[in-house]
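Counting in our numbering, the sequence shown runs from 297 upward without gaps.
For the record, the hints were derived by calculation from the structure and aren't laboratory data. Possibly wrong hints are sitting among the right ones.
Here are the simulated distance ranges between beta carbons [said to hold, decoys possible]:
hint, residue 1, residue 2, range
1, K690, E509, 34 to 40 angstroms
2, I668, E463, 47 to 53 angstroms
3, G369, L660, 25 to 31 angstroms
4, D616, E329, 32 to 38 angstroms
Note that the structure is a prediction, hence the values are computed from the model and not measured. All residues carry an ideal CB built from backbone N, CA and C; glycine is no exception.
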Amino acid sequence: MTKKNKPDLERTWDVLVIGGGNAALCAAMSAKENGAGSVLVLEASPKDVRGGNSRHTRNLRYMHGQGNRFLTGPYPEEEFYNDLLQVTKGNTNEELARFTVQQSNDIGDWMMAHGCMFQPAMKGTLSLARTNGFFLGGGKALINGYYRTAAKLGVAVSYETEVVDLEIEDGVFTSATVVHKGEKKKIVAKTVVLACGGFQANLDWLEEAWGPEARNFLVRGTPFDKGTVLRLMQNKGAVTIGDPTQGHMVAIDGRSPKYDGGIVTRLDCVSFGIVLNKNCERFYDEGEEIWPKRYAIWGRLVGQQPEQVAYCIIDAKSIDLFMPSVFPPVEAGTIEELAAKLELDPIKVKETVDNFNRTAGGDLSQFKPGDISDPLSTQGLEPPKTHWARPIDKAPFYAYPLRPGITFTYLSLKINTRAQVIMAGDKPAENIFAAGELVSGNVLGQGYMAGFGMTIGTVFGCVAGKEAANV
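Let the hints inform the model, and build the full structure from the sequences given.
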């Protein structure tokens, strides 16, 4: 390090970590603690927005045998694994899925030892209070804590450093070409850990996968995840796994910014109302499942609607049952007035709401928000609403515009349990490891459940760092 605390990019490093979020920092700290003499982290962003998508997170799902001051009870291996099978519909690598779950056992202890602080689940997220640990101060506090610990361990960081090429011969990494503040440099290292996210901020690549409608998607996280390293590795002979149209995509507030809106733009109101498209029609069961496991399907559903937009309508009975968006809801005294504010046909919207109300209900005293045993369902309506189907009849009425908000993509580098990247011929690379969103498709073939992206990043970050240190 120089006197100005800037790393020497001309030297040879023991471990080079590409990326600056949770997985990358876990890898860097793990590498140092497992004997790596020198570790350099390359973060494409400026320092003030470091951390990739991790700075927008708020919790992590992990296996644990008992509750504590911030978890209300145990989350055993089989329940965790079955939850994963439920959301992926079995589209997962069983070996790596089991490995991820097992390696997450009590990982909260490791996190706290490295700068993370937890808190009890917040109001509105109590259905996760047993399974997920919530970060005190959110993802930004977690990332800052990790950077402080990494610095104490001697990890060097170079900000505003974008990788534009990788030198790999016969499956062996030798150097990375980077652009650092406008200047091209070559960084030599004995091993490399790739932990730099998916391609979700690359609109051209999204359009390749999804078609022109992808231009209307909103990117919930960092604009720096362009998929450059993923594409480079494909060109160097790495094996990929996963469907490029699959990813963690949720329905978010349609008024969100194009990039970096983060967790505060997500909406959890779907279960408590009905969702209409531009044609003023419902198009899916809003009560299919409780949100921590099923909320992610709504991003894809909205993405398949005209203009990739939809509208969730609720009434005064439900406005306080969920964590709101950072934007206030659209409010009106009548359904017709609400429709007009949304620039929808008031007559058609009123017909859809009235039709829903005629088929919804039952004993409203049995309403159980956040509980899948709720018995209130529609009768004779297509598509049905199978839970939480209360009439929308109490003014004022509210609406949130919805758009698909993509968090990360599932097209990934194929790895093994040592986090080694698999090259052509199914041969593990000798000194190339990967972690985080860049490998998520090994475990998440489809679907999502809250906090699991951080699980993948933490588990494989720690494994990749240890393995890289021991090459």
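Each hint, compared with the structure:
no.: 1; hint: K690 - E509: 34 to 40 angstroms; verdict: holds, 35 angstroms
no.: 2; hint: I668 - E463: 47 to 53 angstroms; verdict: holds, 52 angstroms
no.: 3; hint: G369 - L660: 25 to 31 angstroms; verdict: holds, 30 angstroms
no.: 4; hint: D616 - E329: 32 to 38 angstroms; verdict: violated, 46 angstroms
Of the numbered hints stated above, the single one contradicted by the structure is hint 4.
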